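Chains as they are written, first to last, in our numbering: chain U, 1 to 499; chain W, 1 to 264.
Hint data in this document are derived by calculation from the structure and do not stem from the laboratory. A few of these clues could be false.
As the list claims (entries may be wrong) - Residues from chain U that face chain W, not an exhaustive set, calculated with beta carbons under 8 Å:
#, residue
1, N125
2, V170
3, T172
4, P225
5, E226
6, L280
7, S282
8, A303
9, T313
10, Q340
11, Q429
Stated by the list, open to error - For lysine-lysine, the following DSSO-like pairs were computed, each having C-alpha atoms within a straight-line distance of at most 30 Å:
#, chain 1, residue 1, chain 2, residue 2
12, W, K94, U, K427
13, W, K87, U, K277
14, U, K370, W, K121
15, U, K496, W, K171
16, U, K370, U, K103
17, W, K237, U, K456
18, W, K171, U, K427
19, W, K82, U, K427
20, U, K427, W, K87
21, W, K176, U, K277
22, W, K166, U, K456
23, W, K51, U, K427
Everything numeric in this text was worked out from a predicted model, so none of it was measured. Where a beta carbon is used, it is the ideal one built from N, C-alpha and C, also for glycine.
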Amino acid sequence: MAKIQNINQTLKKLSLTLLLSFLPLLFSMQLMAQAEVDPFSDSSGSTEADPFSDSSGSDEFSDSDDENSDAFSDTDEDSADEAPSLEWTGFLEIEQGGHIGDKSVVDKKWILSNRRFRLATNPSNDMGSAFIKADFIEDSVTGESKIDLREARVVMTPAEQIDLSIGKQVNTWGVADMLFINDLFPKNWISNFLGRDMESMKDSANSFRMTGYLGEVTMDLVYHPEFAPDTTPTGCRLSVYNPNSQSLIANESSCGDNSNRFNQPDSDSSETAIRLKVQLGSYEIATYYYDGFFKNPKGLQWADSNGKGTGETDLATAGYTMLTAYYPRLTVQGASLEGQLGPGIVALETGLYDSEEDKDGDNSLIENSKWKYLMGYRMDLSANLSAGLQWYQEQMLQYDAYEKSVQYSDYRKKEKHNTYTMRLTIKAQQETLFINLFTYQRPEDKDAFTKIDVSKRLNDNLEVVAGANIFEGQEHYEDREFGMLRDNDNVFVRMKYNF
Amino acid sequence: MKTLIIAIITVLFSFQAFAGSAEVIVKKANLAAYYTGDDGSAQLLMKVYRKGSKKPISKLFYMLKKDIEEGGEQLFYTYFVKPSDIKRTTFLVKKNIDSDDYRRLYIPTSDKILAIAGSRKQDPFMGSDFSYEDVSGRHYSKDNHSLLEEGKLNKRAVFITESIPKVKEDKIAKMKAWIDKKTYIPLKVEFYNHDNELYKVYESGSIKTIDGFPTIMKRTMTSPLEGTRTVLLANPKKVRYNIGLATSVFSERSLKNPPMKYLK
């Protein structure tokens, strides 16, 4: 009986969602129908006519027969400058994904089940412009319905050489593909592991960005008043490693809001990132600086009886029984180069990660300083096939101290960890069909992650995507980034209607 | 201004002296099709018709261009308006004659500037039947030209030329062009592959004089072997020449912060 009621409720909810989803859709279709009449006449007969009929009367492109065509008509053009109308775009997206293969500790039918409706607009005047993107999300996995402001920022040019962008926004830099050394802006790894689209790989956050342009030199300053960590698996959709039980666990309670899941920095949690970029011929050379925190909880501290962090990171401290993860302080200095070499694009990037709370590297609870470097090359092999390869290495600094600090050699990480990535992209049917394959292989961590998807554009508005995310991992390596997901292989489908 | 007019007349007359030389005809066609004005902006609608499909996939975008050197290096900036999922995507190309193009694509949804190799100039431009080179112009110095005959196309007097790449290309083995005698606008170009098959046909559909420049308002590229077709239309109300675009417009800054005053 309870089950039937449940189904009833679900149906009600579903129909409401559909109604809510389709109202704006219908509305937008209406708008599009109005905009249908445009001056780009492409009547097939016109090719036959003398192309030089430039006698003003017989202009093929005249839209005189369409009085209502507001978009492009001459008379409205001038007035349009004075009172720009607000143009809305967006999409309706339905996503569904579930586990396949070996049984995960997260025992759920669906681990991705979203209905997302976006409205975006970009009003502007002489002072500057504003960008607003609001997502209305209904998520059946967490049971949440919420509004997510993906973007809410203003862009201004206060001086001839300076652009300001203030508000909630996405920032990106660095030259690597799906690997991040100097890009310490928040990433969403859950999205990546579930096959959500590229846009969702980056989280947006409140920040202040100033960009200065001086000839071939560009300088960027990005200031986050509040720490914006990466979004990493919580045990709700994907399993996580629990350092206390040293096992993979599910955590249903993490399905709600877990913006404060790990112990966040207390007082000043701001982050500052700077880039200085120089254009040298067809190459871009950049240097970077970052002052903030590890974006993943790379540190452990003792927790009190309520599970809350005490700030105590000395393993020898008596009186505690439970560890909890947190984000230790970090500074990074780096550099990159990108440009064409031979038939393809070469990318080099390096970064020195300075673990501020474990400078000597002798605290096994906090990640050591590391030197990270990457080499990548990508090229088009034919008009329809492109490939990219990357080699990325992380070298632990003060390895001797680390070796001494980790008692059991079984749990010791190696000094150097390699990651190899490969991307293959096939374009077909006039770039309306894409097949994408991206794989990470990490021999030292004995883990791997491969994602493949096929996307098809059916018309100007509708796109469908299907794909799979496959993880590999080994026993005793469950604390590794992909290894902890080894039983989380999943497949997904996505349908997106853009308007 | 006077000097400029005299200079133009002198140039025109010196061209006249060489008229009949195939190289000069193709060069003039190249200038007429791709180097109109010193700079310019246009709103373009690209309709890609897939095989067997009557409904095209459309892209609406603005293109800004600036000639660094008449008949030589050029700068292009593309700003996408539709479809909405690629709105505000921007694309910067520095067209070089003797070296690879410089290409950068900006993806606004993830704030990513992507370097794109500029070597493959004959690959499709955004999935269309046009190649990058068809959109930005294949330089006349890359081919040996000969004048086949003078004739008529759609009642217009034309030069019919044949061009063969000096350095062997992957696809193009031969091009045959019908060039209007009056405006030097190429009315039709046939592209032949190494098996001597006609694999692409270009046609200028409509020409309109804007700001004194004969402008191709409709370009059609058909791929008979593939069964596909692309139509590129210019919005006559949004084609402008000599609007004073500075070189700085064609920069990384514009990728991220588009020069909106030129994009409406």
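A quick look at each hint next to the structure:
1. N125: violated, 10 Å
2. V170: Constraint on U/V170 satisfied, holds at 5 Å.
3. T172: Since the shortest Cβ distance to chain W is 4 Å, the answer is holds.
4. P225: violated, 19 Å
5. E226: violated, 19 Å
6. L280: Interface hint status for U/L280: violated (12 Å vs cutoff 8 Å).
7. S282: holds, 5 Å
8. A303: Interface hint status for U/A303: violated (36 Å vs cutoff 8 Å).
9. T313: violated, 35 Å
10. Q340: holds, 5 Å
11. Q429: holds, 6 Å
12. W/K94 - U/K427: holds, 25 Å
13. W/K87 - U/K277: Given that 30 Å is the threshold and the Cα spacing comes to 26 Å, the pair holds.
14. U/K370 - W/K121: This hinted pair is violated, its Cα atoms lying about 41 Å apart.
15. U/K496 - W/K171: Violated, because 36 Å separates the two Cα atoms, which is more than 30 Å.
16. U/K370 - U/K103: Cα-Cα ~35 Å, so violated.
17. W/K237 - U/K456: Not OK: W/K237 and U/K456 at ~34 Å, beyond 30 Å, violated.
18. W/K171 - U/K427: holds, 18 Å
19. W/K82 - U/K427: With a Cα-Cα distance of about 20 Å, the restraint between W/K82 and U/K427 holds, given a limit of 30 Å.
20. U/K427 - W/K87: It holds: about 21 Å lies between the C-alpha atoms, which stays within 30 Å.
21. W/K176 - U/K277: Violated, at roughly 46 Å.
22. W/K166 - U/K456: violated, 39 Å
23. W/K51 - U/K427: holds, 15 Å
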